[in-house]
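From first to last, the protein sequence lines are chains A and B. Going left to right, the first sequence walks through residues 1 to 273 as the numbering used here numbers them. Going left to right, the second sequence walks through residues 1001 to 1662 as the numbering used here numbers them.
Careful, some of the hints might be misleading.
Stated by the list, open to error - Here are the computed lysine-lysine pairs in the BS3-like style, where the Cα-Cα straight-line distance is at most 30 Å:
#1 168(A) x 268(A)
#2 270(A) x 120(A)
#3 168(A) x 120(A)
#4 1551(B) x 147(A)
#5 268(A) x 116(A)
#6 1586(B) x 65(A)
#7 116(A) x 203(A)
#8 212(A) x 1551(B)
#9 120(A) x 203(A)
#10 65(A) x 147(A)
#11 1097(B) x 203(A)
#12 168(A) x 147(A)
Unchecked claim - Pulled a few chain B residues facing chain A out of the computed Cβ check, cut under 7 Å:
#13 1187
#14 1316
#15 1370
#16 1419
#17 1430
#18 1507
#19 1508
#20 1547
Stated by the list, open to error - Over the 12 Å line for every Cβ pair with chain A, so calculated as not near, a few chain B residues:
#21 1110
#22 1194
#23 1314
#24 1400
#25 1407
#26 1561
#27 1592
#28 1626
Simulated from the structure, these hints should not be mistaken for laboratory data. Note that the structure is a prediction, hence the values are computed from the model and not measured. The C-beta atom is built at its ideal place from N, Cα and C for all residues, glycine as well.
This is what each chain is made of:
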Amino acid sequence: MPLALLTDAPLETWYWWLPPQHSSFGDSIDNLFLWIFWLTMVTFVAVEGVMVWFCIKYRRNPGRKAVYTHGSHKLEVAWTIIPTIIFVIIGVASNDAWAWAKNPTSSKYPRADEFKTTLKITAQQFAWHVYYPGADGQFDTDDDYAKDNTLVIPVETDEAHQENVNVKLTSQDVIHSLFIPVLRVKQDAVPGFVGNVWFDCNKVTGPGDDGKYWYENAPMALDDDQHFEVACAELCGMNHYTMRMVMKVLPRAKFDEWVRAESEMARKVKTGK
Amino acid sequence: MSDTHAAPAHGATAHDATHGAHHHELPWLRKYVFSTDHKVIGLQYMFSCLFTLMVGGLLALMVRWQVAYPTGATMTDAQKQEYVAKGIDPATVNVDKPIPVLGHLLWGTPDDPTTPDEDEHEAGIFDDNGGQMPDAWYPIAFTMHASVMIFLVIIPMLTGFFGNFVIPLQIGAKDMAFPFLNGLSFWTWLGGALVLLGSFFADPQGLAAGAGWTAYPPLSDVASAAPSSGIGQTLWCIGVILVGTSSIMGSMNYITTIINLRSPGMTLFRMPLTTWSAFITAILQLFATPVLSSAMAMLLFDRHMGTSFFLPSGLIFTERALQNAGGGQVILWQHIFWFYSHPAVYIMILPAMGICSDVIAVWSRKPIFGYRPMVYAISAIAGLGFVVWGHHMFQSGMNPVLGTTFMMSTIMIALPSAVKVFNWLGTLWGGQITFSPALLFALGFVSMFVIGGLSGIYMACAPFDIFIHDTYFIVAHIHYVLFTGSVMGIFAGIYHWYPKMFGRFMSDFWGQIHFWLTFIFMNGVFFPMHIIGLGGYPRRYASFRSYEFLKPYESMNVFMTWCAILLGFSQFIFLFNLLWNIWKGKRVTSDNPWHANSLEWSTPTPPGHGNWPGSVPTVYHGPYEFSHPAMAEDYAPQWIPMPKGGGPTSSGGTAPAPAPAH
Chain A
1 MPLALLTDAP LETWYWWLPP QHSSFGDSID NLFLWIFWLT MVTFVAVEGV
51 MVWFCIKYRR NPGRKAVYTH GSHKLEVAWT IIPTIIFVII GVASNDAWAW
101 AKNPTSSKYP RADEFKTTLK ITAQQFAWHV YYPGADGQFD TDDDYAKDNT
151 LVIPVETDEA HQENVNVKLT SQDVIHSLFI PVLRVKQDAV PGFVGNVWFD
201 CNKVTGPGDD GKYWYENAPM ALDDDQHFEV ACAELCGMNH YTMRMVMKVL
251 PRAKFDEWVR AESEMARKVK TGK
Chain B
1001 MSDTHAAPAH GATAHDATHG AHHHELPWLR KYVFSTDHKV IGLQYMFSCL
1051 FTLMVGGLLA LMVRWQVAYP TGATMTDAQK QEYVAKGIDP ATVNVDKPIP
1101 VLGHLLWGTP DDPTTPDEDE HEAGIFDDNG GQMPDAWYPI AFTMHASVMI
1151 FLVIIPMLTG FFGNFVIPLQ IGAKDMAFPF LNGLSFWTWL GGALVLLGSF
1201 FADPQGLAAG AGWTAYPPLS DVASAAPSSG IGQTLWCIGV ILVGTSSIMG
1251 SMNYITTIIN LRSPGMTLFR MPLTTWSAFI TAILQLFATP VLSSAMAMLL
1301 FDRHMGTSFF LPSGLIFTER ALQNAGGGQV ILWQHIFWFY SHPAVYIMIL
1351 PAMGICSDVI AVWSRKPIFG YRPMVYAISA IAGLGFVVWG HHMFQSGMNP
1401 VLGTTFMMST IMIALPSAVK VFNWLGTLWG GQITFSPALL FALGFVSMFV
1451 IGGLSGIYMA CAPFDIFIHD TYFIVAHIHY VLFTGSVMGI FAGIYHWYPK
1501 MFGRFMSDFW GQIHFWLTFI FMNGVFFPMH IIGLGGYPRR YASFRSYEFL
1551 KPYESMNVFM TWCAILLGFS QFIFLFNLLW NIWKGKRVTS DNPWHANSLE
1601 WSTPTPPGHG NWPGSVPTVY HGPYEFSHPA MAEDYAPQWI PMPKGGGPTS
1651 SGGTAPAPAP AH
């Protein structure tokens, strides 16, 4: 059984379907998928069914002559117009979710100045460097710190605290792609170019079995806690498949606690105090 | 290679003696090797492509094996106990499964754990890695698989082979407009093929190109980016330029031939759809391929002449800043590359659509339903094909506003494809369908193209593409279009025109067996890819073992791999059927054994040099006058006038008939 292979650590498992999703725009993406899924299933069954039916009904039968027809103008018009309407609807319906997920300057949500957390991620062969601004929320200060292959983000705790994360994404060597399956996020990390990705998450990854978060333990073992996985989705060289990052999603209070601890350490290392 | 080229020669010699006796005989080398006859060149393409198909197929199986059985396998408890019983520490034993036979040949034999002391390291052709594919080699395997299949199998099969063999025969031309250019085109292609295949042996480790067939820089651009970014990548660029040059020469030739050399009465709208699609494909090739060649040239300049078309400033490789580079744009490559490569997708499917249209009409004894809409649909696909390339770049960092534009154009390209499918169904309706291997493959093409087309809508929808981009869903889609689509179209065409090529029949029985095995196993390979793609399984991963969320898919990967192996072996039935019957098949007694209408069936079988012994035939009506009520026979060849009052007087679509009016 495939499920037996899994460890207890990940939050959920999935097999036949999309992974569970935990972001605000993820729902509209999954809904689009469902609409297209049923539309294509119906079309598929209808077309293949008709084909099989014709193949059986009109198999060779000596003595009968095939119907002589060069086509039907009405039918051609019908099966041009109807799919056109369906396709336009799909296109228009998709555009909203697209703007929501990809275009931070779109009027829908959110504006570039409304991001609660901003991180920098630089990809390289074969690792992700995540730069955190530290407790002061400003980059290029003494309390900045970086983590390799560890993405920690806050989660909204109630309606009033709409958390979201803006990532300034780039690469130092070849093209990589930040792929967070459970958040329906994918964006190439392109060298020579800083791209904007934004996402949010409404699901907390809890502490390990001992009730402690990984940063409260020594030695720290990331995989002991619940976590999500982040993958590289653009071929980046021979060890492309090893570019795994662990994502932790903490309640705001826990997140702040972790940030303060890390900032303190970073400042000590940098300033010697 | 020379063996494969000689093969058609024997077959053709025997029959040419009967039909081509009135022609002056050319020396053997001139006639069968450095030939300018379009049919010989076509067959040269076919036999070369059968060879490259095997190479590409083997590479595919290596890819599949690695995905199913990557390194780092864990032992079962039973295995552990077995080793403990033998007195061996299980921790020292490697239970990985190297590729059978091929792995040992290339990377040495695995070490036997029961005799750990003996020095049994034995290097393979490339290296000693215990028979296991090295990490650096996996990207090479899938890069070269794709490159071989695209540039050395599907494009040359569809345009080089069918284009060459069928176009002059169907339009009533004695040969191509530029016979010498035609031969030159084949030899340039062969040069490109040898460079691409030879790149495996330019390096002692077998490091051919490994940056994906899309060769995105900087991975393909910077020598220190990957072990495969060496001489192999350079040769890859050169090989693709040569193959592209051949395409350009071929397409100019086809366009000129179709415009200028049609026989009397053969108006454009009396051309069979195979020729129509070859015509439109040639136009696509002529406009798109130079763009690819220029991209390759720029990449070569970047690699060897110090330019930085695709290299931005500040790159750091292996902790060292890249000197002498900067100012370039990484995404520029993607725009240029996909400006060719998206039309290339249609170059690889349109000719198969044409072939299947002809096959379906002949074997269901029906006029093509909506001949003109079919032609317009081909043209629409070709036209729209030039404005959809951005859908490959939805996640590339291209402005998301552009994404909206490309999403709309991409969704719209599904429309002409849908029209074509409906028209094929319309053609089957009311027919007298004979399930020959040719028709089975054509129906297989239609039914599988439906899957490939419908799955295209998922990725055309840009927001959902965020999730499935670069996952196995994409791999499933392209294989449903290119393998279960184009390759089935190629099989349909070969089964259909084989009697005309060699004057003998292929075995119908083995053709049926070949179809069903191929049909079942290809779905076994490619359908589960949709499922693991929906799970988010990224493509181009040498191993699933790094990720917890990929581990559940192990059993499905193993299933797909074994289907792929069986699919590969099923093709030997076809190969044997094809080769054996060149000499041993049942002889064709009629020049028109399928009772078809188009002009290629009016030639002697097989056609000699110049195709028709006398002058070219005159064409009186469209190519799809099957089962006309005024005719006793259920077909009306284009070269025979219809009886007065009963037949259509002008182009294919306007016959007076007891049918829904236009």
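Structure-based check of all given hints:
About 26 Å separates the Cα atoms of residue 168(A) and residue 268(A), which keeps this hinted pair within 30 Å; it holds. For the given pair, residue 270(A) sits about 19 Å from residue 120(A) by alpha-carbon distance, which is consistent with the 30 Å threshold. Of the supplied pair hints, the one linking residue 168(A) and residue 120(A) holds, its CA atoms being roughly 5 Å apart against a limit of 30 Å. In summary, the hint linking residue 1551(B) to residue 147(A) is supported, as the alpha carbons are separated by about 26 Å, within the 30 Å threshold.
Between residue 268(A) and residue 116(A) the CA atoms are separated by roughly 26 Å; this keeps the pair inside 30 Å, and the hint holds. A hinted pair counts as satisfied when its Cα atoms are at most 30 Å apart, and residue 1586(B) with residue 65(A) qualifies at roughly 28 Å. A C-alpha spacing of about 17 Å is found between residue 116(A) and residue 203(A), which places the hinted pair at or below 30 Å, so the restraint holds. Taking the CA atoms of residue 212(A) and residue 1551(B), the gap is about 27 Å. The hint holds against a cut of 30 Å.
With a CA separation close to 22 Å, the supplied pair residue 120(A) and residue 203(A) stays within the 30 Å bound. Between residue 65(A) and residue 147(A) the CA atoms are separated by roughly 75 Å; this puts the pair beyond 30 Å, and the hint is violated. Our distance criterion of 30 Å between C-alpha atoms is broken by residue 1097(B) and residue 203(A), whose separation comes to about 39 Å. A threshold of 30 Å between alpha carbons decides the hint, and for residue 168(A) with residue 147(A) the separation of about 15 Å falls inside it, so the pair holds.
Given the 7 Å rule on beta carbons, the hint for residue 1187(B) is violated: about 33 Å separates it from the nearest Cβ of chain A. Look at residue 1316(B): its Cβ gets to within about 5 Å of chain A, closer than 7 Å, so that hint holds up. Using the Cβ-Cβ criterion of 7 Å, the hint placing residue 1370(B) at the interface with chain A is satisfied: the shortest such distance is roughly 4 Å. Checking residue 1419(B) against chain A: minimum C-beta separation of about 6 Å stays under 7 Å; hint holds.
Because the beta carbon of residue 1430(B) sits about 3 Å from the nearest beta carbon in chain A, less than 7 Å, this interface hint is met. For the restraint placing residue 1507(B) at the interface with chain A, the shortest Cβ-Cβ distance is roughly 20 Å, beyond the 7 Å limit, so the hint is violated. The beta carbon of residue 1508(B) is not positioned within 7 Å of any beta carbon in chain A (closest approach about 14 Å), and the interface hint is therefore violated. Interface hint status for residue 1547(B): upheld, as the beta-carbon distance to the closest one in chain A is roughly 6 Å, under 7 Å.
Every beta carbon of chain A lies more than 12 Å from that of residue 1110(B), the smallest distance being close to 21 Å; the non-interface claim holds. At roughly 26 Å, the least C-beta separation between residue 1194(B) and chain A is larger than 12 Å, which holds for a residue marked as non-interface. The beta carbon of residue 1314(B) sits about 7 Å from the closest Cβ of chain A, which is not more than 12 Å, so the claim that it is off the interface is violated. The non-interface label for residue 1400(B) is inconsistent with chain A: the shortest C-beta to C-beta separation is roughly 4 Å, within 12 Å.
Against the 12 Å criterion, residue 1407(B) falls within the reach of chain A, whose nearest CB is about 6 Å from its own CB. Its beta-carbon lying about 16 Å from the closest one in chain A, residue 1561(B) satisfies the requirement of being farther than 12 Å from that chain. No Cβ of chain A approaches the Cβ of residue 1592(B) within 12 Å, the least distance being about 18 Å, so the stated non-interface status holds. Non-interface status of residue 1626(B) relative to chain A is broken: a Cβ of that chain comes within 12 Å, the nearest being about 6 Å off.
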